[in-house]
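Chains as they are written, first to last, in the numbering used here: chain A, 1 to 274; chain B, 1 to 274.
These are calculated hints, taken from the structure and not from any lab test. Careful, some of the hints might be misleading.
If several chains are the same, the list does not tell them apart, and a pair holds so long as it fits within one copy or across any two.
Unchecked claim - No farther apart than 20 angstroms at their CA atoms in a straight line, the calculated lysine to aspartate or glutamate pairs in the DMTMM-like style are these: (1) K63 to E270; (2) K128 to D138; (3) K161 to E171; (4) K167 to E200; (5) K266 to E254; (6) K24 to E101; (7) K247 to E56; (8) K250 to D126; (9) K146 to E196; (10) K247 to D126; (11) K248 to D126; (12) K146 to E251; (13) K135 to D182; (14) K146 to D182; (15) K89 to E224.
There are 2 protein chains.
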Amino acid sequence: MNFIDRERPIGIFDSGIGGLTVVKRLAATLPNENLIYFGDTARVPYGSKSNSTVIEYALQDAKFLTTKNVKAIVVACNTASSVAISVLKDKYEIPIIGMIEPGTEFALKTTRNKKIGIIGTRTTTDNKAYSKALKKADKNINVFEKACPLFVPLAEEGWTKHKATYKIAEEYLAELREQNIDTLILGCTHYPILAEVIQEVIGKNVKLIDSGIAAAELVRTEIERIGLLNNSNSLGNREFYVTDIPKKFKEIAELFLSSPVKEVRKVELEDILR
Amino acid sequence: MNFIDRERPIGIFDSGIGGLTVVKRLAATLPNENLIYFGDTARVPYGSKSNSTVIEYALQDAKFLTTKNVKAIVVACNTASSVAISVLKDKYEIPIIGMIEPGTEFALKTTRNKKIGIIGTRTTTDNKAYSKALKKADKNINVFEKACPLFVPLAEEGWTKHKATYKIAEEYLAELREQNIDTLILGCTHYPILAEVIQEVIGKNVKLIDSGIAAAELVRTEIERIGLLNNSNSLGNREFYVTDIPKKFKEIAELFLSSPVKEVRKVELEDILR
Chain A
1 MNFIDRERPI
11 GIFDSGIGGL
21 TVVKRLAATL
31 PNENLIYFGD
41 TARVPYGSKS
51 NSTVIEYALQ
61 DAKFLTTKNV
71 KAIVVACNTA
81 SSVAISVLKD
91 KYEIPIIGMI
101 EPGTEFALKT
111 TRNKKIGIIG
121 TRTTTDNKAY
131 SKALKKADKN
141 INVFEKACPL
151 FVPLAEEGWT
161 KHKATYKIAE
171 EYLAELREQN
181 IDTLILGCTH
191 YPILAEVIQE
201 VIGKNVKLID
211 SGIAAAELVR
221 TEIERIGLLN
231 NSNSLGNREF
241 YVTDIPKKFK
251 EIAELFLSSP
261 VKEVRKVELE
271 DILR
Chain B
1 MNFIDRERPI
11 GIFDSGIGGL
21 TVVKRLAATL
31 PNENLIYFGD
41 TARVPYGSKS
51 NSTVIEYALQ
61 DAKFLTTKNV
71 KAIVVACNTA
81 SSVAISVLKD
91 KYEIPIIGMI
101 EPGTEFALKT
111 TRNKKIGIIG
121 TRTTTDNKAY
131 SKALKKADKN
141 INVFEKACPL
151 FVPLAEEGWT
161 KHKATYKIAE
171 EYLAELREQN
181 IDTLILGCTH
191 YPILAEVIQE
201 VIGKNVKLID
211 SGIAAAELVR
221 TEIERIGLLN
231 NSNSLGNREF
241 YVTDIPKKFK
251 EIAELFLSSP
261 VKEVRKVELE
271 DILR
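Bound-form chain A, shown alone:
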């Protein structure tokens, strides 16, 4: 184990910019680590696409990160985590950290009445990745799952407190409100941006689970386990790569990251397909 190995970056990928909420958590938990973010903005969103397409894209995204010599990969996208995590773990020897496992553990530690709600994209909820993981850990858990497809475009529009966002949240969360859940998993990395509205609509007594927080802890555990925790005292580098730089990109990216985004580099889609 040499010095250079410990300084290898942690790679994070997402369908677009939602994963920046996870980068924010990683940067807070592991400030010294070098982070490389890859957002597939040319093909965003993944959450409305089929499993086979999402698996294909996730493999290409991970491959791009491995060309950067990353020591671990964080799948900062619940949709990709819900369908592609086992494929990625089979393919790579470095730690692969998805959103489902840490989110599930965090929720299980949090709930008192064993009634847990999950909100996510249509592909994530249809795959029932959280439900299966929760039930596997504890048969007596009651799970209530709901797809909220409009939350992603609302977050990307920056409508974090808009009346329409409340109306849509009321519609989506109505069923969950009736179930007396005490814990709600934000099963999409975009959703922390709408946490205030979601909290208000679902009620103060429901604890919201941001999988990114739990994922950051799991990343620390995993890279410690393989002896690659970066013990440098200086702040890590953050590099951002995307497949497209659309209008309003910087503004929205900074909303998600809660800090300025300096340089963003564009990667050609053809290059990641090779």
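Put chain B on the given structure of chain A with help from the hints.
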């Protein structure tokens, strides 16, 4: 000019399923024509992506259709029309019909007070394709343009009369309402799905322009001009190709087409990139 040439299909492409509203218009105007639809559902939407990415995708989409020996190509996507139409016309000798030109002509014939509103995706409105075309035709036209990014996901969610859709429409259309426009161009092929809400919010006196209707007429003119109008008496074939078949696809596609979708074939993204 032989019999077989006249029976060559008309190709239509879009970023996803929005273009099916144009297929509906084409099928009504030219019932005997064979139609081949290509929807790039694996990379939808285009409207939030950069010009260079949209041009690249449009070229790949058109190339796929030419492998089907189409006699004309309809760019049933306003975003692609707004950035890629001249590139496509330069590349291909067959007629290329976009949404901007027919929509503009239709709007100019419709307006009385010369105040025209345009709504579309962020990329379409930022490119000001409609504004430029309208002003070029008539310097005295007053144009009011507004991006409505949430209308696409709302249409795809099937929320055609939802309270939230009204709230969002009220927000988006507020500025246009103040301008005393008498004509409003639905500058995105998804928007006819939300026509009822849009009409109610913008007011009864404003005439909505569905570019698909005008585009279908222009297609007839163009294929007549080159002597390739299909004079068969039987109903044309309709073939549907997509790059991804996501959840709820059939249901949403039928909402857009207003008729049943039989077979949909999946095209691998790798194949269209070659």
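Taking the hints in turn, this is what the structure says about them:
no. : hint         : result
1   : K63 to E270  : both (13 angstroms within a copy, 16 angstroms between copies)
2   : K128 to D138 : within (15 angstroms within a copy, 56 angstroms between copies)
3   : K161 to E171 : both (16 angstroms within a copy, 13 angstroms between copies)
4   : K167 to E200 : both (12 angstroms within a copy, 19 angstroms between copies)
5   : K266 to E254 : within (17 angstroms within a copy, 37 angstroms between copies)
6   : K24 to E101  : within (19 angstroms within a copy, 45 angstroms between copies)
7   : K247 to E56  : between (26 angstroms within a copy, 17 angstroms between copies)
8   : K250 to D126 : between (32 angstroms within a copy, 16 angstroms between copies)
9   : K146 to E196 : within (18 angstroms within a copy, 28 angstroms between copies)
10  : K247 to D126 : between (31 angstroms within a copy, 9 angstroms between copies)
11  : K248 to D126 : between (31 angstroms within a copy, 11 angstroms between copies)
12  : K146 to E251 : between (29 angstroms within a copy, 19 angstroms between copies)
13  : K135 to D182 : within (16 angstroms within a copy, 58 angstroms between copies)
14  : K146 to D182 : within (15 angstroms within a copy, 41 angstroms between copies)
15  : K89 to E224  : within (18 angstroms within a copy, 57 angstroms between copies)
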